[in-house]
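*Asks:* The chain contents come next:
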Amino acid sequence: MTMNAVIPTDVSVASDAPFRPNRVPVGSPAYNEITEFLYEEAWLLDEIRLAEWVARLDVDLRYTCPVRQTRPLHQHAQSIVRTVMHFDETYASIRGRVGRITDTRSAWAEDPPSRTRRLVTNILVDSTDDPDEFEVKSYLLCSRSRFEETNLLFLSCVRHDLLRRYDDGIKLARREIIVDQTVLGFPNLAIFL
Amino acid sequence: MLDRTRTTLSDGTTIDDLINIETREVQLRAISDPELYDIEMRKVFGKTWLLLGHESEIPNPGDFITRLMGSDPVLITRQKDGSIRVMLNVCPHRGMRVCTADAGNAKVHTCIYHGWAFKNDGDFIGAPVAGEKMHGDILPKEKLGLTQARSHLYGGLIFATWNLEGPSFDEFLGEMKWYYDMLFCRTDKGLEALGPPQRFTIKANWKTACEQSASDGFHTLTLHRWLGEFAKFGDGDLTTSMYGTEVSSLQGHSLRCMPVANKFKQAAGFRDGNLTLEEKLAIVPPPGITKEMLPELIRNLSPEQLGLLVDSPPQVGGMFPNVLIAFIYVPQPDGEIIGLTSLHTYIPKGPDELEFCNYILAEKDAPEEHKQKALQFAVRMLGTSGMVEQDDSDTWPHITQTAKGAAARNITMKYQAVCTTPPRPDWPGPALVYEGFTKDDTQWNWWLAYRELMNAPA
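Going down the list, the sequences are from chains F and D.
First residue of the first sequence? That's 1 in full-length UniProt numbering, and the numbers climb one at a time after it.
First residue of the second sequence? That's 1 in full-length UniProt numbering, and the numbers climb one at a time after it.
Keep in mind the hints are simulated off the structure, nothing from the lab.
A hint or two may mislead.
Said to hold, decoys possible - For lysine to any residue, the following SDA-like pairs were computed, each having C-alpha atoms within a straight-line distance of at most 25 Å:
#  : chain 1 : residue 1 : chain 2 : residue 2
1  : D       : K349      : D       : L164
2  : D       : K373      : F       : Y91
3  : D       : K107      : F       : T70
4  : D       : K404      : F       : L152
5  : D       : K373      : F       : T64
6  : D       : K80       : F       : R71
7  : D       : K404      : D       : S71
8  : F       : K171      : F       : W108
9  : D       : K373      : F       : L193
10 : D       : K263      : F       : D103
11 : D       : K371      : F       : Q69
12 : F       : K171      : F       : D46
13 : D       : K373      : D       : L432
14 : D       : K373      : D       : N455
15 : D       : K404      : F       : K171
16 : D       : K143      : D       : P59
17 : D       : K291      : D       : D365
18 : D       : K371      : F       : R95
Unchecked claim - Have a look at the derived ranges for each label pair, beta carbon to beta carbon:
#  : chain 1 : residue 1 : chain 2 : residue 2 : range
19 : F       : R82       : D       : G62       : 21 to 29 Å
20 : F       : V59       : D       : R271      : 36 to 44 Å
21 : F       : A55       : D       : Y113      : 51 to 59 Å
22 : D       : T100      : F       : S143      : 24 to 32 Å
23 : F       : R82       : D       : H219      : 31 to 39 Å
24 : D       : H219      : F       : R115      : 24 to 32 Å
25 : F       : A51       : D       : L221      : 25 to 33 Å
26 : D       : G62       : F       : A77       : 14 to 22 Å
27 : F       : R115      : D       : S83       : 46 to 54 Å
28 : D       : T276      : F       : T102      : 39 to 47 Å
29 : F       : A51       : D       : H219      : 23 to 31 Å
30 : D       : K141      : F       : H76       : 31 to 39 Å
31 : D       : Q372      : F       : A51       : 47 to 55 Å
32 : F       : T150      : D       : T421      : 46 to 54 Å
Said to hold, decoys possible - Going by beta-carbon spacing under 10 Å, a handful of chain F positions derived as facing chain D:
#  : residue
33 : R68
34 : Q69
35 : P72
36 : A77
37 : R82
38 : T90
39 : S93
40 : R100
All values derive from a computational prediction rather than experimental measurement.
Backbone N, C-alpha and C fix where the C-beta goes; we use that ideal spot for every residue, glycine too.
Build out the structure end to end from the sequences listed, making use of the hints.
*Replies:* As structure tokens, this is what we get:
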């Protein structure tokens with residue numbers, strides 16, 4: 001057994017795309033702009049400023065969160081399930097979800113709301129053929145506290161986003177949330193990731 | 001005199017003290033008592049039939065899934081001859097979980113600890129260094145296989161029990177089978193799972209979710225009030241759809257049959273009896289059905305079952321002990337009505353925790369577009385992020401905690417809304433029938449079934 005054992009070639013997951021030559025360097029103006037967008041997004045969601053968050057979503061949005069399964073290493077790609085998912089959303093359906101919270105007085109799952117903290121790190125940005133579209137990976141650790149529960153609930157994930165730059169700012173056009181748990185520790189996904 | 005068969009807790013409390021037959025009350029303590037939980041694992045989850053998945057999840061020989069059967073991990077495999085086996089996923093050598101994946105395909109399952117190997121029917125093949133006989137020769141090889149459960153396929157759903165000599169699956173369903181057949185055995189090819197289940201954890205005792213799944217209608221009016229408040233999803237009044245017929249049995253099973261005419265304006269004509277089945281199916285088909293499936297429905301159901309399915313389909317309900325059944329309508333702003341099908345199992349994970357396991361299904365024969373819509377709307381309404389069910393997941397933990405209070409443990413949960421309306425004379429089906437506005441009878445029957453099992457000799 002050599003130390004530099006080769007990872008089998010059929011391992012393929014959403015995050016395995018080869019590192020692209022068109023990396024937008026960390027610290028470059030475009031990178032900073034995107035990082036700021038993601039930080040602000042986390043802030044808006046933590047502060048439950050949902051209408052402002054929706055304003056930053058593009059109308060062709062796809063927003064999904066596959067189910068995960070435990071599989072052996074050589075079937076790692078199959079650990080991501082895109083049939084039954086935890087979220088399977090469009091712009092219209094996200095607006096419906098937000099409307100349930102903002103337009104009724106009975107969205108009990110988040111009323112009283114959770115206290116959340118979305119920690120966004122490990123942001124990697126790639127340019128695409130379209131100069132105004134960027135493929136962005138970011139790690140998210142979301143902590144959640146409800147009522148008097150002292151133990152925080154955690155959900156960790158990587159998000160694969162497509163961000164689109166307009167004259168008046170950036171919008172989220174696609175997000176695939178790859179969670180790390182096969183059995184989520186959250187009692188629901190009544191919050192956005 | 002102490003009744004020796006009666007289950008008694010260490011402080012002398014009996015099951016009959018906790019569940020008061022005369023006044024239809026259950027002591028709140030029953031929800032999360034750890035001592036009771038241990039008895040439940042043996043007398044309820046160790047004895048009844050349990051839902052573990054759908055055979056469409058393992059279509060090919062060698063395919064397997066792993067699931068929880070109560071507190072026991074099980075391995076479910078498809079055999080060469082097409083049959084399905086359910087067995088304890090625990091190595092008879094040292095107790096290691098044999099198969100560690102959630103799903104896959106394998107001819108042989110080998111324990112990674114000491115290498116004991118098993119055929120996919122559970123038979124022991126051997127251990128490494130065969131000549132040295134790691135398994136000794138005190139027990140024959142035939143005794144070293146994986147412990148087999150007794151399994152049964154019903155409409156493609158995989159059920160199993162550890163009670164090898166107990167009631168058959170049909171006896172377990174009893175008279176309610178007539179109604180369940182309308183949902184699970186109505187088409188030629190039956191249902192299929194659209195993927196593996198969503199799984200998530202709620203810090204609540206399994207019974208909080210399960211007594212609700214026994215057709216609790218009242219909670220819809222308050223806990224799910226947004227459905228009426230949010231103009232997109234209805235006309236503001238949930239009350240009318242609470243009128244219907246609840247059917248149930250002393251085995252704890254139940255379904256709520258809700259007249260389509262009460263729910264949808266376009267189905268008002270269902271009431272006067274002049275429409276043919278074809279016409280009704282063209283207006284609002286039962287959830288999950290398309291009008292093209294009518295010939296199949298006629299082939300598989302009796303005229304009485306078919307008439308009821310079309311006029312007043314069972315839309316929500318449960319199967320004792322831990323299954324929620326949802327065949328529901330999701331009306332769209334443009335007038336389209338999407339029907340979706342979902343089954344949940346609420347798996348006990350200790351006195352204060354349950355795993356919510358959500359299967360989303362569709363008729364195998366449904367057009368692909370219909371399946372995809374049903375899947376998307378099931379995800380949006382039910383389960384992990386479901387806009388309806390996210391509200392349930394706060395309620396159950398609160399109840400689980402309140403049940404521990406020195407004062408609260410002695411108060412009671414009340415099931416005293418009793419149906420007094422006699423069944424319609426033309427009601428076509430068997431079992432216990434509760435006509436009119438939703439009441440507590442079906443949930444009370446759930447507790448009676450629980451009481452019966454908990455009091456049964458071990």
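*Asks:* Look at each hint and say if it fits the structure.
*Replies:* Right, here's what the structure says about each hint:
1. D:K349 to D:L164: Cα-Cα ~24 Å, so holds.
2. D:K373 to F:Y91: holds, 16 Å
3. D:K107 to F:T70: It holds: about 19 Å lies between the C-alpha atoms, which stays within 25 Å.
4. D:K404 to F:L152: Holds, because 22 Å separates the two Cα atoms, which is no more than 25 Å.
5. D:K373 to F:T64: holds, 15 Å
6. D:K80 to F:R71: holds, 23 Å
7. D:K404 to D:S71: holds, 22 Å
8. F:K171 to F:W108: violated, 29 Å
9. D:K373 to F:L193: With Cα atoms ~23 Å apart, K373 (chain D) and L193 (chain F) stay inside 25 Å; holds.
10. D:K263 to F:D103: holds, 23 Å
11. D:K371 to F:Q69: Distance ~22 Å between K371 (chain D) and Q69 (chain F) Cα, so the pair holds.
12. F:K171 to F:D46: holds, 18 Å
13. D:K373 to D:L432: Roughly 35 Å between the alpha carbons, so the hint for K373 (chain D) and L432 (chain D) is violated.
14. D:K373 to D:N455: violated, 45 Å
15. D:K404 to F:K171: violated, 48 Å
16. D:K143 to D:P59: It is violated: about 29 Å lies between the C-alpha atoms, which goes past 25 Å.
17. D:K291 to D:D365: At roughly 12 Å apart (the allowed maximum being 25 Å), D365 (chain D) and K291 (chain D) satisfy the hint.
18. D:K371 to F:R95: holds, 23 Å
19. F:R82 to D:G62: 21 to 29 Å: At roughly 23 Å between Cβ atoms, G62 (chain D) and R82 (chain F) fall inside 21 to 29 Å, so the hint holds.
20. F:V59 to D:R271: 36 to 44 Å: holds, 42 Å
21. F:A55 to D:Y113: 51 to 59 Å: Since A55 (chain F) and Y113 (chain D) have Cβ atoms about 55 Å apart, the given range 51 to 59 Å holds.
22. D:T100 to F:S143: 24 to 32 Å: Holds: the Cβ-Cβ distance is about 29 Å, inside 24 to 32 Å.
23. F:R82 to D:H219: 31 to 39 Å: holds, 33 Å
24. D:H219 to F:R115: 24 to 32 Å: holds, 26 Å
25. F:A51 to D:L221: 25 to 33 Å: holds, 29 Å
26. D:G62 to F:A77: 14 to 22 Å: holds, 19 Å
27. F:R115 to D:S83: 46 to 54 Å: holds, 51 Å
28. D:T276 to F:T102: 39 to 47 Å: The hinted range 39 to 47 Å holds for T276 (chain D) and T102 (chain F), with Cβ atoms some 45 Å apart.
29. F:A51 to D:H219: 23 to 31 Å: holds, 30 Å
30. D:K141 to F:H76: 31 to 39 Å: For K141 (chain D) and H76 (chain F) the Cβ distance comes to about 35 Å; the hint holds.
31. D:Q372 to F:A51: 47 to 55 Å: Violated, since Q372 (chain D) and A51 (chain F) (Cβ atoms, about 30 Å apart) do not stay within the stated range.
32. F:T150 to D:T421: 46 to 54 Å: At roughly 49 Å between Cβ atoms, T421 (chain D) and T150 (chain F) fall inside 46 to 54 Å, so the hint holds.
33. R68: It holds, given that the least Cβ distance between R68 (chain F) and chain D is near 9 Å, below 10 Å.
34. Q69: Check passed: Cβ of Q69 (chain F) comes within 4 Å of chain D, closer than 10 Å.
35. P72: holds, 6 Å
36. A77: With a closest approach of 13 Å, the A77 (chain F) hint is violated.
37. R82: holds, 8 Å
38. T90: holds, 9 Å
39. S93: holds, 6 Å
40. R100: holds, 6 Å
Hints 8, 13, 14, 15, 16, 31 and 36 from the earlier list are contradicted by this structure; the remaining hints agree with it.
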